[in-house]
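Chemist: Chain residues, written in single-letter form:
Protein chains: 4
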Amino acid sequence: MAELSTSLDFIVEFYEVDSMKIVWHGNYLNYMERVRCKLLSKIQHNYNQMEEAGYAWPVVKIKVKYIAPLRFLQKARIEAFLNEWENCLKISYKITDLETGKLLTKAESEHIAINVATGETCFVSPKEFTDRVKAYANL
Amino acid sequence: MAELSTSLDFIVEFYEVDSMKIVWHGNYLNYMERVRCKLLSKIQHNYNQMEEAGYAWPVVKIKVKYIAPLRFLQKARIEAFLNEWENCLKISYKITDLETGKLLTKAESEHIAINVATGETCFVSPKEFTDRVKAYANL
Amino acid sequence: MAELSTSLDFIVEFYEVDSMKIVWHGNYLNYMERVRCKLLSKIQHNYNQMEEAGYAWPVVKIKVKYIAPLRFLQKARIEAFLNEWENCLKISYKITDLETGKLLTKAESEHIAINVATGETCFVSPKEFTDRVKAYANL
Amino acid sequence: MAELSTSLDFIVEFYEVDSMKIVWHGNYLNYMERVRCKLLSKIQHNYNQMEEAGYAWPVVKIKVKYIAPLRFLQKARIEAFLNEWENCLKISYKITDLETGKLLTKAESEHIAINVATGETCFVSPKEFTDRVKAYANL
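Residue numbers (this note's numbering), protein chains in the order written: chain A, 129 to 267; chain B, 129 to 267; chain C, 129 to 267; chain D, 129 to 267.
Looking at chain A on its own, in the form it has when it is part of the complex (with noise of 0.2 Å):
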């Protein structure tokens, strides 16, 4: 099976460092979605066509551990890993120094369809999805 994976690089914005001139935490959020709808584009289902599916994959669960932090102008790598998806959405994440390769965090992410019509959770991914990342994985 093909990896499903994808990454990011970027460069840390003057709004998102803190007074103790480190990103504030919950600004890793915005990384990890970032690179989350660039690895939904890649099997050809982001959020918008997910929408035209009729499904919405609210986040449920998610976990942050901060080894070390990030500067106004550092240069990173967001990394994000499929790890799960038959019945929910399991994400990995690794930040890393983009010079260094030094790791500086890892977080996940769980999301779960829901159907918008209904409002109901599915328990089993949606068939507009699990095509798609057979198709990308070629199983």
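Hints may contain errors.
[Claimed, not checked] Here are the simulated DSSO-like cross-link-like pairs (lysine-lysine), alpha carbons at most 27 Å apart as the crow flies:
#	chain 1	residue 1	chain 2	residue 2
1	A	Lys-189	A	Lys-222
2	A	Lys-166	A	Lys-191
3	D	Lys-189	A	Lys-149
4	C	Lys-222	C	Lys-191
5	C	Lys-191	A	Lys-189
6	B	Lys-189	A	Lys-149
7	B	Lys-166	D	Lys-189
8	D	Lys-189	B	Lys-218
9	D	Lys-262	B	Lys-191
10	D	Lys-234	B	Lys-191
11	D	Lys-218	B	Lys-234
12	C	Lys-191	C	Lys-203
13	C	Lys-230	A	Lys-191
14	D	Lys-170	B	Lys-149
15	D	Lys-222	B	Lys-234
16	D	Lys-218	D	Lys-255
17	D	Lys-166	D	Lys-189
18	D	Lys-193	B	Lys-255
19	D	Lys-234	D	Lys-166
20	A	Lys-166	A	Lys-255
21	B	Lys-189	B	Lys-222
22	C	Lys-234	A	Lys-191
23	C	Lys-262	C	Lys-218
Simulated from the structure, these hints should not be mistaken for laboratory data.
Given the coordinates of chain A, assemble chains B, C and D onto it according to the supplied hints.
Modeler: Leaving out everything else, chains B, C and D in the frame of chain A:
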């Protein structure tokens, strides 16, 4: 005509402050939105009621004059004044230090009504809204 | 020992809501920071007092479990509980709907003290902080 | 004199969009800050270099005119132009759709230098900065 204004007291949060230890200038638009919502609720025409009436009121202009900075844990008051409402909304804002009354910020926003169904701009404010203003102001 | 907890009531702002009309999951970290600041103020050791004592308390872990969404204008309560304080800070959080008391969110944060002058991690919480906890809790 | 301007292409993120499915107006100040940083880096005088020279450049005025909305996943370009620099910084901004070139937003910001050590406002821009502008522009 009764004065169409309201005010809101707030305390500066840690995540609003930048590395110069003052509130990042973009966060003032949050304070403005908070007091604007309170002003519209006062005339019983908040964003949800607008939407039910079929209108949205996007911001078309913003002007902020930063006179003195806000700092972490500082207590401040923001006031909003409805200056124009017949063809568009013009609201002005004033932020003062809660203890000293010192003027810290002056701002303005301008909004025009959009008919959500047609996407068209309304060159006269919707009756649903002007009725509310008149009822509140005893016009 | 007196309970080391506090709570804060809030209303959901327009700019916190995403295009699915629920609070964007990243904004919950703001609510957590607000009530955490209130908790630390209660024992007279807020971020400014930490800094004067020569310490910073960066977040090292965050966990959030989103049980039910928050919507625009919803009134909610966030509670914070100080669960550990001798070697690091462990705080747990609970968000409930203000009217129904329904549980919406559970979360945890973990913080370790850093000596600002040396940049070193403290494996035991600074006396300036533990004294405050003990004084408050009558230990 | 060489043109003192720069541009930055960006894609609209999910967390920037509000419940009307357009970018929340406050988030435009982030785009402006990003391109402003790039402009100042171009003349080798970014925020870190300012700080080392002993100055901060707080925003004293912001003006934004929202002409047409930005939507999720839309690709856009923001351009920044340094219009004044001898006594204060005046920068103007233009956002256009990346594909059609359609003008979406016009904005301006004004900044004055503050001597960090004394807290005093500089009524003439610091030599450290004007030298950089002149060197870049071959004046």
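Chemist: Does each hint hold? Answer for all of them.
Modeler: Quick rundown of the hints versus the structure:
1. A:Lys-189 - A:Lys-222: It holds: about 17 Å lies between the C-alpha atoms, which stays within 27 Å.
2. A:Lys-166 - A:Lys-191: The hint holds at about 20 Å.
3. D:Lys-189 - A:Lys-149: Judged against 27 Å, a Cα distance of about 24 Å means the pair holds.
4. C:Lys-222 - C:Lys-191: holds, 12 Å
5. C:Lys-191 - A:Lys-189: holds, 7 Å
6. B:Lys-189 - A:Lys-149: Violated: B:Lys-189 and A:Lys-149 sit about 32 Å apart, past 27 Å.
7. B:Lys-166 - D:Lys-189: holds, 25 Å
8. D:Lys-189 - B:Lys-218: holds, 18 Å
9. D:Lys-262 - B:Lys-191: violated, 31 Å
10. D:Lys-234 - B:Lys-191: holds, 12 Å
11. D:Lys-218 - B:Lys-234: Within the cut-off at roughly 19 Å; holds.
12. C:Lys-191 - C:Lys-203: Status holds; Cα separation ~23 Å.
13. C:Lys-230 - A:Lys-191: It holds: about 23 Å lies between the C-alpha atoms, which stays within 27 Å.
14. D:Lys-170 - B:Lys-149: Holds, at roughly 26 Å.
15. D:Lys-222 - B:Lys-234: holds, 24 Å
16. D:Lys-218 - D:Lys-255: This hinted pair holds, its Cα atoms lying about 17 Å apart.
17. D:Lys-166 - D:Lys-189: holds, 20 Å
18. D:Lys-193 - B:Lys-255: Holds, at about 26 Å.
19. D:Lys-234 - D:Lys-166: Roughly 18 Å separates the two Cα atoms, so the pair holds.
20. A:Lys-166 - A:Lys-255: OK: A:Lys-166 and A:Lys-255 at ~20 Å, within 27 Å.
21. B:Lys-189 - B:Lys-222: Roughly 17 Å separates the two Cα atoms, so the pair holds.
22. C:Lys-234 - A:Lys-191: Between C:Lys-234 and A:Lys-191 the Cα gap is close to 12 Å, so the pair holds against 27 Å.
23. C:Lys-262 - C:Lys-218: Between C:Lys-262 and C:Lys-218 the Cα gap is close to 16 Å, so the pair holds against 27 Å.
The structure shown violates the earlier hints numbered 6, 9.
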